[in-house]
Every structure is written in C-alpha cells, then in structure tokens.
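Going down the list, the sequences are from chains X, S and F. Position one of the first sequence corresponds to residue 1 (my numbering), numbered consecutively onward. Position one of the second sequence corresponds to residue 1 (my numbering), numbered consecutively onward. Position one of the third sequence corresponds to residue 1 (my numbering), numbered consecutively onward.
Source of the hints: derived by calculation from the structure; they are not laboratory data.
Quick partial rundown of chain S residues pointing at chain F, CB under 8 Å, derived from the structure:
no., residue
1, H13
2, L14
3, A17
4, V21
5, F24
6, Y28
7, I100
8, G101
9, V108
10, V111
11, S112
12, I115
13, E131
14, A134
As the structure is a computational prediction, the values presented were derived from the model and not from experiment. Beta carbons are placed, not taken as given, at the ideal position from N, Cα and C, and that holds for glycine.
The chain contents come next:
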Amino acid sequence: MSIVHVILAIPALAALLLALLPSYRLAARVNVAASVLTLFASLVPFIRRPDTTPFLLIDDFNIYLVALTAFVACTTSLFSARYIVHEVEIGRLVPRYLRYYHAMYQAFVLTMLLALTANNLGTLWVAIEGATLTTVLMVGLYRTHAALEAAWKYFILCGVGIALALFGTILMYLAAEPVMGEGLLAMTWSELLPHAAQFNPALLNLAFVFLLVGYGTKVGLAPLHAWLPDAHAEGPTPISAVLSGLLLNVALYSVLRFKMLLAANPLAVAPGPLMVTMGLSSLLLASFMLYRRRDIKRFFAYSSIEHMGIITFAFGMGGPLANFAGLLHMTMHSLTKSAIFYAVGHVSQIKGTQRIADIRGLTSSQPVLGWALVLGVVAIAGLPPFGVFMSEFLVLTTSFARAPLLAALVLAGLLVGFGALVLRLQGLAFGEGTGGEKASSVALLPAFLHLILVLTAGIYLPGPLVSWFQTVAKLLG
Amino acid sequence: MPVLANLTYDTAHLLDAGMLVLSFALLYQRRLFGVLKIYAMQAVLLAAAAAWQAHAQDAPQLYITAATALVFKGAVIPIALHRIIVRLDIHRAIETALGIGPTLVVGVALVSLSILLVLPVTAASAALTRESLASALSIVLLGLLMMITRRNAVSQVVGFMSLENGLILAAVGVKGMPLVVELSIAFEVMVAFIIFGIFFFHIRERFDTLDVHDIERFRGERS
Amino acid sequence: MTTSLLDLVQLILVLALAPLLTGIVRKVKARLLGRRGPTLIQPYRDLLRLLRKEVVLAPSASWLFRVIPYTTFAAIWLAAAIVPTFTTGLMTSRIADLIALVALLGSARFGLALAGMDVGTSFGGIGSSREMMIASLAEPAMLMVTFTVALLVRSTSLPHISEFMLTHAVGIRISLLLGLISLAMVAIAENARIPVDNPATHLELTMVHEAMVLEYSGRHLALIEAASMVKLLLYLSLIVAMFLPWGMGIELPLGWAALGIGLGAYAAKLMVGAVLLGVFETAIAKMRVFRVAEFLGGAFLLGILAAIFLYVSEGL
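Taking the hints into account, I'd like the entire structure generated from these sequences.
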C-alpha cells in the first residue's frame, strides 16, 4: 500500500461519500477536507519516493505536477464552497444537483491524479477518458440550452479525440511489441523509455501524430479547440477553473510523456515542428479572437487557449531552456488562470451577468475583488514582476536564438493578446461602477494565495524548483 | 475448385472487409431504423472477428470481448436506441450535410488514405495485423465522416459508436494486446451510452427535436 | 465434338433457355405472392403469339423504328453467345472480350433508346432518358468489376477468366465477393428488375424499359421481348462464368461426359439464379427514380472497394 494508492484512494472514497450526503453545506466542507487531505498526501512523495509499479509511478516529471494538481484542487474547492452558496440562493442550482456536482468534482480529481501517476499507457488513457466524462457531466450542470449544447459539443469533440488517442496507444504498443514481447510490459512507460531507441521509427511517428491530435484536442490546441470556450462559459465557474488550471495541463503532460519516448529514438521524425505549428496557430488564433469576445468567461477561455499554445510552442522548440520555460509556464498559468476564474466567478455572481459590457468599475464598487482581477489580468498578460513574464521572456529569447521568424510571430501574438487584455481590463475594472449589486459571500483567500505564489515565483524561484525544472527539461529532449 | 488456402488470413480479411462495407452502408442509409440495424450487424461482425482472432492468436480473453460486443453492442444498444427513438418520437429521416453520393466518394478517399498510411508503416508486422489495422483505421475515419455529415443527433452517436467498433477491431487485431485496453473500451461504451441517454432525455426536455441544427441555434460563440 | 458444332449448340441453347428462365422467375414470384402463376412455358407462347400478330406502326415512325428490333435482338443474341456457358472452348467466346461485350450491350441499348424517342410520344422520351441515365451509371460500375477481375486474372477475355477461377487457388477473396455483389446490382439495373424498374408495371410514369417499347407491336415486340429475355440469361451466365464457373468443361476437345456435366451444371446454376432473383424481387420494394443513382453509385463504390482490397491483399 504505497502513498500513491493513498493519494488516489482519498478522492475515490470522498466521491463515494459525497454521492450519498444530502446536505450540500456539509458536502462542500467534506469536499474541502478531502482536497486538503489529498494535498498533504501528495507532499509525502517528496520525503520518500514510492516504488514504481507496473501501473503507477512517481518520477521526476510528475512529482511536482501531482502536488500542483492537489493544491489547485484544494483552493478551488474552497472557492467552490462559497460560490455554490450564492448559486443555491438564486436558484440556479438545486441541492440534488449539488450532490452530484461534489461527487463528480472528487471523481475528476481522482482521474487527474490517476492520469499523472499512470505508468501504463492504458491506465493513462482510461484516466483521461474519465476526466472527460466527469467534466462533461459538470459542464451540463445548469441544464440550460446553452449548457447542454456546450456539453454536447465538448463530449463529441473530446470523445473523438480520445478515440484517436486510443488508436495512437494501440500503434505505440505495436511499435513496442517486437522489442519487448507481448503483454503488459510493452505498455509500461517506465519500461518503454529505455528501449525506445529500438522501436520502428515510422510506427512511432504515426502513433505520435494520433496521440498529439487525440490528447491535443483536450489541451485545446487549434484547430481542435472549439469545445473549450463553450465549456468554460456555460459550466459553473469552479469547473472553468479546474478545466483551465488542471485538465489542460494534464492532457499536455500526456502528450509530453509520448514526446519523451520519441525523443529517445534518434531515427524518429522530431515531433517538434508539429507541436510548434499547433502551438503557434493556437496562440495567434486565440489572441485575435480575444477582441471579439463579449462574455467574460469565454474571454478568459480564449486566453487559456493562447497560453496553452505558448506552452506547446515552447515544448515543440525543445532544448533545455525552452523546456524549462514551458514547465514554468505550465505552473504559472495554472495558478494565475484559476485565480482569475475565482475572481471572475464572484464578479459575475455579484453583477448577475457574464457580459463584459455590463460589468464596469469593479475597483470602485468592489475594491478587493476588483484589484484581485486587475492583478490576475496583469499577471496573465505577462507583465513583470509576475512569473508569467519570466516564462514568456525565456520562450522568446530561446526562440529568437534559433528561429527568429517564429519568435517574431510569437511576439506578435503575445502583443495582440496583451492589447486585448488591457483593453477589456480598462472597462471592467476602472471607471464608473454599473450593474446590479447582488450581495454574496466571497472567497478571497484562494485567488490572492495563487497570485502571491505567482508573484513570488516571478521574483525568486526557489532552488529545488529550479533544479526540478532543469532535470525534467533535460528528460524532455 | 478454388482451393481454400490460408483460411485464417482469408476469414479475418473477410470479416474485416465486411465491417468496412457495413460502414459504407451506414453512410448510405436514409432511415434511422436502417442505421440501427446496420450498426447491430456491424457489431455482430465485430464479435465474429474478435472470436476469430481469439482462435487465431490463441488468446482466450478475446472471447470475452467478442461476447461483450455481441450482447451489448449487437443487441442492448440498438434495442435501447430503438426504444428511445420511438418514445421521444424523434424525426426518423436522416438529413445530411453533404449528399449521399459525395459522402460515399469522400469515404472511398478516406479508405485509400488509411491504406496508404498504414501499410508502409507496418511493414515489419504480420500480414494479418497490417490488414486489420488498415481496415480498422478506415472504419474509424468513416465513423468520423458519418459524425461530421449528419445533422441528427442519434445518427451522430451511431457514427461515434461505429468509430469505436473500428477501435476494438484494431485492438483485437494486434497480437497480444493486454486486457487492460479491452476493459477500457467496454467501459467507454457503457458510460458513453449512459451519458448519451441522459443527454437525449435532457435535450428532449429542452428541445422538441434532436436536430442538431436547432440545437445550434443557441450557439454561444456569438458572444 | 467439334467446336463448330458446340458453337451452334451454344447459340441455340441461349435462345431456347431464355424464355424458360423468365418463366421460372415469374412462377417463383407468383408462388411467393400466393398465386398459382402462369405455366413455365408461357413466355414461349407469348412470343409465338406476338410473332403471328400484325404490326401496327405510328404514321410518324421512321425506318429506324422498324429496323431497330432486329439489330437489338441480333446484338444481344451475339453477346449471349460470347459468354461461355458450359465450356470455355467455344470459338464464339473469342470474338470479343469483356470490354467489347459491354460495348455490344451498349449499342443495343442505344438503338432501343433511339426507337423510344422515334415516334415522338412523351412516354417514350421518359423511358429513353431514364434508361440512358441508368446506363451511364451502371456501365462504369460494370467496367470497375471488369477491371478488378482483370487485375487478378491478367486478362479480360472471358474464357481465360473462367479457366483461371477453376484452376488457380483463388481462396475466399473479399474483392471477388464485392465484385459479385456489384455485378449483381448492375445486372438488376440493366435488366429492369425491381428495385430499379418493375417489368410488370402498367403505370407509365413508373416505367423505364417498358416505356421505351410502348409503341411496338407484333413481331417487332416479339423480337424485343426475346431480346430482354436473352439479356437476363446473358447477365446470369456472365455472373456464373466470372465468379462461379464450377462444372464448366475446360479440357478440349470436349468429351461427352464433360459436355453432359457442363450442360447440367449450367442449367442448375441458371435455375438457382432464377429462383434467387424471384425471391429477391418479391422481398424488396421498388426505389424512387432519383434513388437509382445512389444505388448504382453504391455498385460503383463496391467495385472500387473490390479493386482496393485486391491491391491490399496483393501488397501484403
């Protein structure tokens, strides 16, 4: 019974328990408690690394991601506890739905952690699939026309993505089987990596294409991103936060695991250019789309697409510095975007609308929340001294050194996005306050906690974190 | 008298090709009940293919896959969908985004594409595996095509499920694939269907039709 | 037996058996519908009756109208003689190969379409245009099947094809199965059978083949009716010769035993084919005309798939 089993068992048991609890207030508290326990459990591997089993492993790559996931899940559960109070008050959610919502939330956390700790390719696939299913159910929670359409679109697109990813997994097994023999061994990632140099390169390439397209759908890479804005806008805000903050990261993590296998084989075509193309197109598409968005959650969803594009671009470029930048950006984006969504969630509750045009002058009417949003947007726009600036700067420098034209495009995309963010921020935060003032309880701790972490990372990155990033960057090739 | 040489390969080839022809038949159909019947037939052929592979590869766990495919996808799902269609009084003619003729032509192009893609890459594997994978990828792409060119939500779902048939065919075609994947596929079918059921219910609750065009009236992207 | 005698046997055989074949199909359909149906030799009686009747011509009919029944009948009879039935050693089989056969049938059809338009009635025009539409879709499908089989056999000559199927270890090939289905669909379309066209319909707006020949009477009509009966026999023999050639005599010169076996096998296969056709026509409903295009598109598609599968299995 290793610690990994404990890390997975806590959300599983919590999900079962929450499915049975009738009182939503108690359920919200249990949700938070379970998330805190999971967070503590996820810190244990730092002290003593558990052994690798054929199905689960904790290695250099996922040890920090597991902790990050547990952390964001924990803070989001705090936010969710306050958020749902208001939703129930205005009748958008009934207690029956909430039971379901809390159970699905913990189930989702379980699938995220399972995906991160999976050693077997099949387990990884099942976990990502489970993540899709749980979030689909949560996106459709409000049962409005728009929510159902969003959930349907999400399901169909991601279902197809997962199917293609499964095909890629089968091809990967086919590549591994001549070298490793039949059976489970040929699907165990830790066993595949040392032998990857002997696999058939053509088969590896084909498998990777399918895996990139399949899991890439879940990352939100253009042109497969169509589900993302709708899912973010129509689901409850805690779901938007975990989608942006966690699911996109874990999907990208899966792609990276396979990229590592490809990097180990010298004959395989470098997966970089494909990732660079997809990342760049996501970045440019999203930046331009930001100008036309009128719904605040949709606006920040496109911002997520933009940032995942930057991260994919960085990993596509490859090399220690770009990989470092990518990893740093993954962490920073996860924290910043979820903080933004916490603020946005409460803002939309207070104003009673999600339309940007109807939300004005937050810093004067709701100072704390308003300034939290301002800080969040400043951070995500890539201004110093926040951490996002650091990672974007690294991406730009390393790509200017190697592919100036691409770097110029990245810079253009970043500037366009920056413009849109600042433009909207002006209207949202400053000026005359407008719109209704529906009183509600507000959770401020999660948002500010995340922002403080991002700020700290921008000024000073602790040593162990830097060395972790560097080790993993080298592994990624 | 044509000699029945190489029976194993020929039978597997026959079953895989039969599934592929049924994928085309799915694209050809104009009636919803016809689509369900053909999907059921494809699932039965899939069960036969899985059983044959179990015999050819000497892998008894594949018999379970065959049984699941037969019972669940060949009987339970089509019957349940039939009931849903009747109960929700869903419109039974299928509207297509592209005409049936052009759709079939694109289908043939996709089949050629998948053959061109798979055959050279798998040069080192057994002939049986290569042909299985080529057929499986074709069925996957045809299922995708069906999802794209259909406006009725039920037929989109059937397209998705035929895509899955192709995936299971790929999984059983590769020699020695561990059971983990097969269980996961079965899992997907079950849960997917439950969710589809919930969806149909709720979509029906909200809309009076399962025509996706009407659902898309509420396209959020305008904001 | 000398080959010239065998050729004569072939010529007479196809002509003699054709009405019987039609008779069997009609009897089977009637029985399945719960009727007693006409006797098996009724088509012979119909032809004889028509031959004795007077020809009534429209005043606007040209010389083409009077000549075409003869040319059509001759072309189709010749085509039927080309298809090997009980043996592959016939001289007539070497007159033309499969592609020329298709062209021969095409010219017969061309004549009939002209005749339909010749008198100037609207129904004749409808029939002709529909017939040509169907033909323009069916012919590519048939050629696709030809192409597939030729790829396998390395020849388009029918005796060679039959011999190849008999002597080589072909195995259960999916391409041949698809080719068979495709050819069957084409045959249904070309012979004006349900689901493409109803040969027994009285409603002019649903007619395709019958509409073209509405104006014919007397011996002209007898010739055209005989031609369509022989055409049915031709397509059945073609399917048998290309895909199910067992029992054909391939060793020349042909001994009496081999001749007997060949004739017997051929007759049996025709009977089975006729019964199957009757059952199929009873089981299925006629399609609307605009759907015929999709049906034949499907046949063409199956032909292409057959070629693709052949390529796949050859390439592995």
